[in-house]
Amino acid sequence: METGTIQKLENLLLVAVPRDLMDEEVMRLRRDVAQEVRRHRSGWVLLDFAQVDICDSYFGRFIQSMAEMTGLMGAKVIVSGLQDAVVETLVELGMTLSNIEAVLDLDEALVFSRAGRKNSYVTPLWDKDKNGNAAALDQDGNFHPLADLKEV
Amino acid sequence: MGAQPLEPMRMPINNLINVVTSRRQALEMATKLGFGLPDATKIAVVVSELARNITLYTQGGAITLIPHNGQRKGIKVIAQDKGPGIEDVERVLQGGYTTSRGLGMGISGSKKIMDEFEIQTVAGAGTTIKAAKWLD
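From first to last, the protein sequence lines stand for chains A and B. Quick note on numbering: the first sequence equals residues 210 to 361 in this note's numbering. Quick note on numbering: the second sequence equals residues 281 to 416 in this note's numbering.
So here's chain A without its partners, still in its complex pose:
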C-alpha cells in the first residue's frame, strides 16, 4: 500500500497525502515526516490533500495529530489542495482545525515559508487581518497581507 511521498523544497517538507489512508499508513507517514523534518531541519510541513476526495473525521484527527507532532519539533503545518467538496464536508461535520494554516496551492505555501524565514522582517506568527485574510504579524504588531510579502 502506498504511503504519502515526502519531498523537500526549500524550507518546506512536501507531503502528498494518499487518497485513502489506512491506520497503519497514518502511523508510518507520521513517523516518516518526523524523521524528515529532523533530517532537513524543515520549518514547515505542507500536507497536500489534492488527491483526497473523501475526508472523514478520522482524516481530521490525522491533520491535527500531525500538527501537534511537528509543532513539538519546531515546525508548522500548512494544509493545501483541499477540494471544494472536501472543505464543504469538513465544515458540515463541524470540524475545526486549530493551529493549522491553510493555503490554496504550492505557490502560496512557498510565500508562507519564505516569509517565515525572514526573521528580521516577520516573525512566523500567522494570523488573520481585520478582513479575515491570512496575514503575518510583524514585531510591531502590524499585519502584512500575503500579497505584500511576495515583494519582500
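Treat the hints with caution; some may be incorrect.
Claimed, not checked - Capping the alpha-carbon separation at 25 Å, the derived lysine to any residue pairs in SDA-like fashion look like this: (1) B/K391 with B/Y377; (2) B/K392 with A/E301; (3) B/K391 with A/V261; (4) B/K410 with A/G303; (5) B/K312 with B/R290; (6) B/K410 with B/Y337; (7) B/K391 with A/V300; (8) B/K356 with A/E301; (9) B/K356 with B/Q305.
Claimed, not checked - Computed footprint of chain A on chain B, listed as stretches where at least three residues anywhere in the stretch have a Cβ under 8 Å from a Cβ of chain A: (10) 300-309; (11) 319-329.
Hints were generated in silico from the structure; no laboratory data involved. Just so it is clear, the structure is predicted and the values come from calculations on it, not from any experiment. Beta carbons are placed, not taken as given, at the ideal position from N, Cα and C, and that holds for glycine.
Assemble chain B onto chain A, guided by the hints.
The following block gives chain B in isolation, referenced to the frame of chain A:
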C-alpha cells in the same frame, strides 16, 4: 451512458479495507443517482464514519446502500452491527463525545449531513442506524 438500474448493495464491514470500499461504492452510487459532487462526497463521508464505527467498536457488521430512483430520488444508508450497542445515544448525537480515539464528530456530523437519521440500539445486542438523503 446506459441506464443500468441501480441495485441495493450490502457490504460486510470487518476491516479498514471494507471501510474504504464501502465509501467508494457510496460515492459512485450517489453520483449515479444524480447527486452533485459536494453531496455525493458528504454521503460517502457518512458511510465512512458509520463503517469505521463498526470496525472500531464491534466485531463486524454491514453497510447497505439502497438507491431510490423512483418518484422520490435519493439514497438510504443502513449500518448494522451486533456490537455492544451505544450506551448514551443522546450524548453521541450532541457531538464531541467519544469512547475511543476519535474526534466524536462521526455520528453527530452524519446526522447533520443526512435528511433522515435514526439510531436503534440495544445494549449487548447491536446497533442499526438508518439514514437517508434525498435529491429534492
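Status of each hint after checking the structure:
1. B/K391 with B/Y377: holds, 14 Å
2. B/K392 with A/E301: The hint holds at about 7 Å.
3. B/K391 with A/V261: holds, 23 Å
4. B/K410 with A/G303: OK: B/K410 and A/G303 at ~21 Å, within 25 Å.
5. B/K312 with B/R290: holds, 17 Å
6. B/K410 with B/Y337: This hinted pair holds, its Cα atoms lying about 18 Å apart.
7. B/K391 with A/V300: Between B/K391 and A/V300 the Cα gap is close to 14 Å, so the pair holds against 25 Å.
8. B/K356 with A/E301: Distance of about 19 Å is within 25 Å: holds.
9. B/K356 with B/Q305: Holds - the C-alpha atoms of B/Q305 and B/K356 are around 13 Å apart, at most 25 Å.
10. 300-309: Holds, because 4 residues of the stretch 300-309 of chain B bring their Cβ atoms closer than 8 Å to Cβ atoms of chain A.
11. 319-329: holds (count 7)
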